[in-house]
Amino acid sequence: MASRRDFLKRALAGSAAVAGAATCTDASARGNAQISPDAVGLLFDSTLCIGCKACVAACKDANGLPLDYATPIEAAWDVPVDTTAKTFNVIKAYVDGSGMHKDQVQDGYAFMKSSCLHCVDPSCVSACPVSAMTKDPVTGIVGYDPDACIGCRYCVAACPFGIPKYDYDSPTGKIGKCELCRHRLPEGKYAACAEVCPTGATLFGKVSELKAEAKRRLALTPGAETTWPRGNLTTGDQPSWNGPAPVYVQHIYGEKEVGGTQMLKLAAVPFDKLGHRPLPERSFSSQSETLQHTLYGGLVLPLAVLGAMTWVAKRNVKHDDEGGDHD
Amino acid sequence: MTKHAHAAPAPVGGRLLSPVTFVLGVLILAALAILAVRFVYGLGTVTNLNDGYPWGIWVVADVVIGSAFACGGFSVAMLVYIFNKGEYHPLVRPALLASLFGYTLAGVGVLFDLGRWWNFWHILAPGYASPNSVMFEVAACISLYIVVMWIEFSPTFFEKWGMKDARRKVNKAMFFFIALGTVLPMMHQSSLGSLLVVFGTQIHPLWQSIVLPLIFLISAITMGYAVVLFESCLAAAGYRRTIEMHLLTPLSKIMLGMLGVFLAVRFGDLIVRGALGYAFEGSVQAAMFWLETACFVAPFVLLRAQAARRNPARLFVAGALLMLGGVLLRINAFLVGYDTGEGWSYFPSVPEMLVTFGMFAIEILAYIVITRRFPVLPREDAVHGAH
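These protein sequence lines map, in sequence, to chains S and Y.
If you're matching positions, the first sequence starts at 1 in UniProt numbering and goes up one per residue.
If you're matching positions, the second sequence starts at 1 in UniProt numbering and goes up one per residue.
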């Protein structure tokens, strides 16, 4: 009995010391990452979307992606129902009852864009062990480098929006996700989905300006005539149009979710009905990294434990050698 | 400090080909054939993985559970060398052997699951490796631990091949490798739990917690002792040897002590987070939670009497149930409690399961071959029968 109690006592003392050391290193705690002042993104307004899917086709074209279909019969058409490794952007529909009225919860329908939200503090970047997922320090675009990727799919599992996807049908499968047409930015172009959107439902621009535009819309009196910009909000490259304001849900999705995203969304139907679960404001990556850096910051804690273990083991192994003719 | 004169380890001897090793060989060949298909045609042809469940049993069973099963070496080494319980010394080598193959295969098994496996070295290469990633920590620690374990086990080979000089040199530095061999598993077994923290609200509140690293670590140490009970009973039955009850009975008490600590931390965390209420909902998750908890509580019931702890059958069942509890904790946390959105489901395909069986078959076959041919288990004729 005495020996077991002794063992447990030591075990508990050991874990208490470790826990104590862990809570003392508050310096490694970090909050949510801050957005870059030059960050670019998208504003998607569900009330303006007419479900034409021009953005889906333009995305495929701009990114050189093949057709996506579930059965061979569909093979002549590009009919993705969700984002995949070959489809970075889809428009999903909410339908209830007769589905007669746009932007109505009962007997209504609404559209929602599904593509990467370019989190300010992305889980996929925090999860990636090989820096294949990166966040551009200036534009804030979350990019992917297949040449660095090991295909572990930790990003696929970690993303709270289910965005990065892997190609399981290929022996050399890659992760696929929207990179906000970052390859087109040096050419003076911007995200293809926003460029082709006929109504301005998908709008490209600086996140700070998109946020101001979103707030302006939420403050509109329903029915009041207003101006709807199209294309690139920052450069104003496309003519705007005039129309009445809808009845918005008073929430900018992406303003605060998991520390904010660079894609902002407005809708007239509650977001949880549009496939957007409520999420906390603290980013998951900041929690994970705070935990890791508390335990492993400067390798202080592991080295301290190793030192203690080496000291104890050296004492005991010696005794052991004396005790018998083997180690 | 009492001195412990133990029987020196010796090869068990005997024939290598038996119905058991034959079946193991067939399982291994089947797994290799399936893996060939996987590498030529991709993960989708042999697995049921999908973007809602990008991690299946090749990650959860082969790596997360496989490495926890392989904690016997770590748990017993800590007992003998850190807590100075020299009397358990005869258990070190067999436990270390099982750990060695458990971990080596977990390391190799990762490659089967990696979609872009030819880049695997990036995970430890400066310029690619990302210290912010929990998976980086797991990979670095497991890789290093595999090397450390081979060094810890090397005297067995040196003895067999009569390399006395090498054995003496390794033994001189052994205390450091033993220390490293306790710290590294603490780091990665806890990190295997930390992997889930970044998943956030996608993990059910019964399993998502900031103390996951502690829960995974303590459960792994406890499972380490359970594996030793399980293995010792099995080895004794398989080789018709005397069961080392004089060691296993007190070891089972230590296991129950650690299990008590585990349950206190597990339920303390659920209560502090206010998550225990989810256990009383009518959900699959709640049912699986109670199944997991039952497996962890059962050893207390089975082994509560001193007489029960002297009963090999009870020790075996208690050890097996505790291992099952650890398996369920990991499956629940990684798969049952994981929800990335509506419309996704996952259950492993038959080929997927066959690969996992093949992996465990390699471990068992290696254990049989090495204990029969190398000095691992204590010499049988010297085992005293008075207990």
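Worth flagging that the hints you see were computed from the coordinates, not collected in a lab.
Watch out, some of these pointers could steer you wrong.
Once the Cα atoms are required to be at most 16 Å apart in a straight line, the calculated EDC-like pairs of lysine to aspartate or glutamate come out as [unchecked claim]:
{"#": "1", "chain 1": "S", "residue 1": "Lys53", "chain 2": "S", "residue 2": "Asp68"}
{"#": "2", "chain 1": "S", "residue 1": "Lys273", "chain 2": "Y", "residue 2": "Glu342"}
{"#": "3", "chain 1": "S", "residue 1": "Lys215", "chain 2": "S", "residue 2": "Glu179"}
{"#": "4", "chain 1": "S", "residue 1": "Lys86", "chain 2": "S", "residue 2": "Glu179"}
{"#": "5", "chain 1": "S", "residue 1": "Lys92", "chain 2": "Y", "residue 2": "Glu159"}
{"#": "6", "chain 1": "S", "residue 1": "Lys60", "chain 2": "S", "residue 2": "Asp38"}
Not close to chain Y: a few residues of chain S, all C-beta gaps over 10 Å, as computed [as the list claims (entries may be wrong)]:
{"#": "7", "residue": "Asp38"}
{"#": "8", "residue": "Lys60"}
{"#": "9", "residue": "Ser131"}
{"#": "10", "residue": "Asp136"}
{"#": "11", "residue": "Pro160"}
{"#": "12", "residue": "Ser288"}
{"#": "13", "residue": "Glu289"}
{"#": "14", "residue": "Met309"}
For each residue, glycine too, the CB sits at the ideal point set by N, CA and C.
Status of the hints after comparison with the structure:
{"no.": "1", "hint": "Lys53/S x Asp68/S", "in the structure": "holds (14 Å)"}
{"no.": "2", "hint": "Lys273/S x Glu342/Y", "in the structure": "holds (12 Å)"}
{"no.": "3", "hint": "Lys215/S x Glu179/S", "in the structure": "violated (25 Å)"}
{"no.": "4", "hint": "Lys86/S x Glu179/S", "in the structure": "holds (13 Å)"}
{"no.": "5", "hint": "Lys92/S x Glu159/Y", "in the structure": "violated (67 Å)"}
{"no.": "6", "hint": "Lys60/S x Asp38/S", "in the structure": "violated (27 Å)"}
{"no.": "7", "hint": "Asp38", "in the structure": "holds (23 Å)"}
{"no.": "8", "hint": "Lys60", "in the structure": "holds (18 Å)"}
{"no.": "9", "hint": "Ser131", "in the structure": "violated (5 Å)"}
{"no.": "10", "hint": "Asp136", "in the structure": "holds (16 Å)"}
{"no.": "11", "hint": "Pro160", "in the structure": "violated (6 Å)"}
{"no.": "12", "hint": "Ser288", "in the structure": "violated (4 Å)"}
{"no.": "13", "hint": "Glu289", "in the structure": "violated (5 Å)"}
{"no.": "14", "hint": "Met309", "in the structure": "violated (4 Å)"}
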